[in-house]
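Note that the protein sequences, when read in sequence, are chains A and B.
End of the first sequence sits at 144 in the numbering used here; the numbers just go up one at a time, nothing left out.
End of the second sequence sits at 144 in the numbering used here; the numbers just go up one at a time, nothing left out.
Please keep in mind that the hints were generated in silico from the structure rather than gathered at the bench.
Here a beta-carbon is modelled for each residue, glycine too, at the ideal position from N, C-alpha and C.
Where hints are given, some of them may not hold.
[To be verified] Stretches of chain B that chain A covers, calculated by requiring three or more beta carbons in the stretch to come under 8 Å of a beta carbon on chain A:
id : region
1  : 73 to 80
2  : 115 to 124
[Unchecked claim] Dumping the calculated SDA-like pairs for lysine to any residue here, alpha-carbon to alpha-carbon at most 20 Å:
id : chain 1 : residue 1 : chain 2 : residue 2
3  : A       : K3        : B       : V108
4  : A       : K3        : B       : L133
5  : B       : K3        : A       : V115
6  : B       : K3        : A       : I120
7  : A       : K3        : B       : S28
8  : A       : K3        : B       : D76
9  : A       : K3        : B       : E95
10 : A       : K3        : B       : I116
[To be verified] Partial list, derived from the structure: chain A residues whose beta carbon lies under 8 Å from chain B:
id : residue
11 : L2
12 : H4
13 : G30
14 : S31
15 : R33
16 : A124
Listed below, chain by chain, are the residues.
Protein chains: 2
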Amino acid sequence: MLKHWQGHRRLTRRVIEAFPEDELFSFSVGSMRPFGVLAMELISMGAPMVRGIVTGDWDSGTREPRPRQEVLRLWDEGTIEINDLWPQIAPERFEQTITAFGQFEGIVHDLILYVIDNEIHHRAQGYVYLRALGTPPPPFYERH
Amino acid sequence: MLKHWQGHRRLTRRVIEAFPEDELFSFSVGSMRPFGVLAMELISMGAPMVRGIVTGDWDSGTREPRPRQEVLRLWDEGTIEINDLWPQIAPERFEQTITAFGQFEGIVHDLILYVIDNEIHHRAQGYVYLRALGTPPPPFYERH
Chain A
1 MLKHWQGHRR
11 LTRRVIEAFP
21 EDELFSFSVG
31 SMRPFGVLAM
41 ELISMGAPMV
51 RGIVTGDWDS
61 GTREPRPRQE
71 VLRLWDEGTI
81 EINDLWPQIA
91 PERFEQTITA
101 FGQFEGIVHD
111 LILYVIDNEI
121 HHRAQGYVYL
131 RALGTPPPPF
141 YERH
Chain B
1 MLKHWQGHRR
11 LTRRVIEAFP
21 EDELFSFSVG
31 SMRPFGVLAM
41 ELISMGAPMV
51 RGIVTGDWDS
61 GTREPRPRQE
71 VLRLWDEGTI
81 EINDLWPQIA
91 PERFEQTITA
101 FGQFEGIVHD
111 LILYVIDNEI
121 HHRAQGYVYL
131 RALGTPPPPF
141 YERH
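This is chain A alone, in the form it adopts within the complex:
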């Protein structure tokens, strides 16, 4: 599951990287949120979800707009934190029911899956924005 997720995270990072800096927190289609806002949402859900599962600390951090390089830096920090914390999730922990971030009740396995699905969902929004901006997005199937 970690390997699968980190493959997706590498692709999402490429989409953030491909996004024109001046459009990251301004461009949108159909009055939806700009991709930078979505990327900050993903950052506030990924590592914080794993941290919460392992430590019980449910702080989700900031979602304020910032330069693309800063978004990428936070992304990379999250990647390292997820890799570091993951081995501390015991197999039986994945089956336990918890309340994430004080409001989302669910089985640990399903909560992590929701974070991954949400990342795929919002990243795809980024694909459409990139196409609308005339920037080719990275191939969906490349995860290395």
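With chain A held as given, fit chain B onto it using these hints.
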């Protein structure tokens, strides 16, 4: 995995259903494929993937445009076929390496996951199209 996928399939069905009939195979953003074309791709990958895994028959069916009701009918047929065939996938089968549709080599588990991820990805494109058309898409978190 089946339960998770069928939750996603219920949501994707709602997005097809919400799409205006006259825009299904024509509307797009950034020169991407219309949502009807994407829905037909998903139909040609979902049940056919499971059928191939179980029977070795890798026919992926047609992708021709058709009325929304026909797309939904094919979707529902796929849902039933997936449910019927799934119990025939033995636990050890999920770990085997196969070549799907004569061209995609991978472990069965990963191939099914790819089909699910691809569905989330293209459905999210449909979300943006719907928003651009002024039609509110169904909530992402509702899977019942």
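Hint check:
no. : hint          : verdict
1   : 73 to 80      : violated (count 0)
2   : 115 to 124    : holds (count 7)
3   : A:K3 x B:V108 : holds, 16 Å
4   : A:K3 x B:L133 : violated, 37 Å
5   : B:K3 x A:V115 : holds, 17 Å
6   : B:K3 x A:I120 : holds, 19 Å
7   : A:K3 x B:S28  : violated, 33 Å
8   : A:K3 x B:D76  : violated, 32 Å
9   : A:K3 x B:E95  : holds, 15 Å
10  : A:K3 x B:I116 : holds, 16 Å
11  : L2            : violated, 13 Å
12  : H4            : holds, 7 Å
13  : G30           : holds, 3 Å
14  : S31           : holds, 7 Å
15  : R33           : violated, 10 Å
16  : A124          : holds, 3 Å
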